[in-house]
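Chain B is fixed; fit chain A onto it per the hints.
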Amino acid sequence: MSIFDDIGNIFNIIWIIALAFIAYWLYNWAKETLVFSSTLAYIVAGILIYYLVFEYPVIGFLGVTGWIIITSGLLMGLAIFAPVFGNIMYKMKKGEGQ
Amino acid sequence: MPVLFDILGDIANLSFVIKIMCFSYLTYWLYATFYNSKIIFGIALIVAGYFTITYSDATTALVAIFGLLFVLGPQLQQTIWFGLAPLLQPFGIDLMGNTVNQKMSMLEQEKHSKELQSKIAAGEASQEEVEAFQRQQQLQQMAAMEGQEDIGDDVPNYDAMKKRSMMLRR
Chain B
23 MSIFDDIGNI FNIIWIIALA FIAYWLYNWA KETLVFSSTL AYIVAGILIY
73 YLVFEYPVIG FLGVTGWIII TSGLLMGLAI FAPVFGNIMY KMKKGEGQ
Chain A
19 MPVLFDILGD IANLSFVIKI MCFSYLTYWL YATFYNSKII FGIALIVAGY
69 FTITYSDATT ALVAIFGLLF VLGPQLQQTI WFGLAPLLQP FGIDLMGNTV
119 NQKMSMLEQE KHSKELQSKI AAGEASQEEV EAFQRQQQLQ QMAAMEGQED
169 IGDDVPNYDA MKKRSMMLRR
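Chains as they are written, first to last, in the numbering used here: chain B, 23 to 120; chain A, 19 to 188.
So that you can see chain B by itself, here it is in the shape it has in the complex (with noise of 0.2 Å):
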């Protein structure tokens, strides 16, 4: 069944797409980290990159993106779903209630 190869070749391709991302954002990273010094900001991204990309690519992508989310401020849109909880609350007290 092609459908399956299919699947895995494009999942294959999205995570190429996000490790290349990953190593973006940590050369950028060193670049605004080590300003003085461009040499030494390509050694340090070249040995982030190695590790958090090639080696352990699960820890990096996990790294960043959870790096991301905190930092952007993703998670201050959680309490839009505060009231969800909230009805779901009080329709489970007032089925006890009856």
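Just so you know, the hints here were simulated from the structure itself, not pulled from any lab data. Heads up, a few of these hints could be off.
[Said to hold, decoys possible] Using 30 Å as the maximum straight-line C-alpha spacing, the simulated DSSO-like pairs for lysine-lysine come out as follows: (1) A:Lys137 x B:Lys116; (2) B:Lys113 x A:Lys37; (3) A:Lys37 x A:Lys56; (4) A:Lys132 x B:Lys116; (5) A:Lys56 x B:Lys116; (6) A:Lys56 x B:Lys113; (7) B:Lys53 x A:Lys37; (8) B:Lys53 x A:Lys56; (9) B:Lys113 x A:Lys132.
[Stated by the list, open to error] Only some residues are given here: those of chain B computed to face chain A with a beta carbon under 10 Å: (10) Ile36; (11) Ile38; (12) Ala40; (13) Ala52; (14) Glu54; (15) Leu62; (16) Val66; (17) Leu70; (18) Gly95; (19) Leu100; (20) Val106; (21) Asn109; (22) Lys115.
Backbone N, C-alpha and C define an ideal beta-carbon position, used for all residues, glycine too.
What follows is chain A alone, placed relative to chain B:
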């Protein structure tokens, strides 16, 4: 049999990565601090490197704590107050430490007042409960009246508008 998971080796590699990131952060802070004097920056950088290599556990822990609390502190506070606290509120967890049982929620107030009403109708309520119920009703009426008065003060010609809308309804 080849080793499938070299856990200690992985931890050693990742600790090396963490040391590199810690040293990079330290150089960034030292560069910002000693921007005007490159000599002091160089000396401080050597000292920071020595500390990062020899006392790596304490140095990385201090840098992480400093980074989390001082650099990201306001961000963390906003995320907890505006993201986590509203999510925990429906489950009765108040981050300020006030338990929900101390103040009756709207639902429990409704239940309580309905129970009181049925008790008074059946004639089983004590005098204190009747007085409490009457006080509650008075407070609700006063609150409703207050709301109307406020609108009247803020909006000009509110009484005239209300009269016109009542006439149109008829």
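So, going through the hints one by one against the coordinates:
1. A:Lys137 x B:Lys116: holds (21 Å)
2. B:Lys113 x A:Lys37: violated (51 Å)
3. A:Lys37 x A:Lys56: It holds: about 23 Å lies between the C-alpha atoms, which stays within 30 Å.
4. A:Lys132 x B:Lys116: holds (14 Å)
5. A:Lys56 x B:Lys116: violated (69 Å)
6. A:Lys56 x B:Lys113: violated (66 Å)
7. B:Lys53 x A:Lys37: Within the cut-off at roughly 17 Å; holds.
8. B:Lys53 x A:Lys56: holds (19 Å)
9. B:Lys113 x A:Lys132: holds (18 Å)
10. Ile36: violated (25 Å)
11. Ile38: Status violated, d = 21 Å.
12. Ala40: violated (19 Å)
13. Ala52: With a minimum Cβ separation of about 7 Å from chain A (threshold 10 Å), the hint on Ala52 (chain B) holds.
14. Glu54: Where the cut-off is 10 Å and the nearest Cβ of chain A is about 8 Å from Glu54 (chain B), the hint holds.
15. Leu62: Nearest chain A Cβ about 8 Å off; hint holds.
16. Val66: This interface hint holds because 6 Å falls under the 10 Å limit.
17. Leu70: holds (7 Å)
18. Gly95: Because about 7 Å separates Gly95 (chain B) from the closest Cβ in chain A, which is inside the 10 Å limit, the hint holds.
19. Leu100: holds (5 Å)
20. Val106: At about 9 Å, which falls below the 10 Å cut-off, the nearest Cβ of chain A leaves the hint on Val106 (chain B) intact, so it holds.
21. Asn109: holds (8 Å)
22. Lys115: Since chain A brings a Cβ to about 6 Å from Lys115 (chain B), closer than 10 Å, the hint holds.
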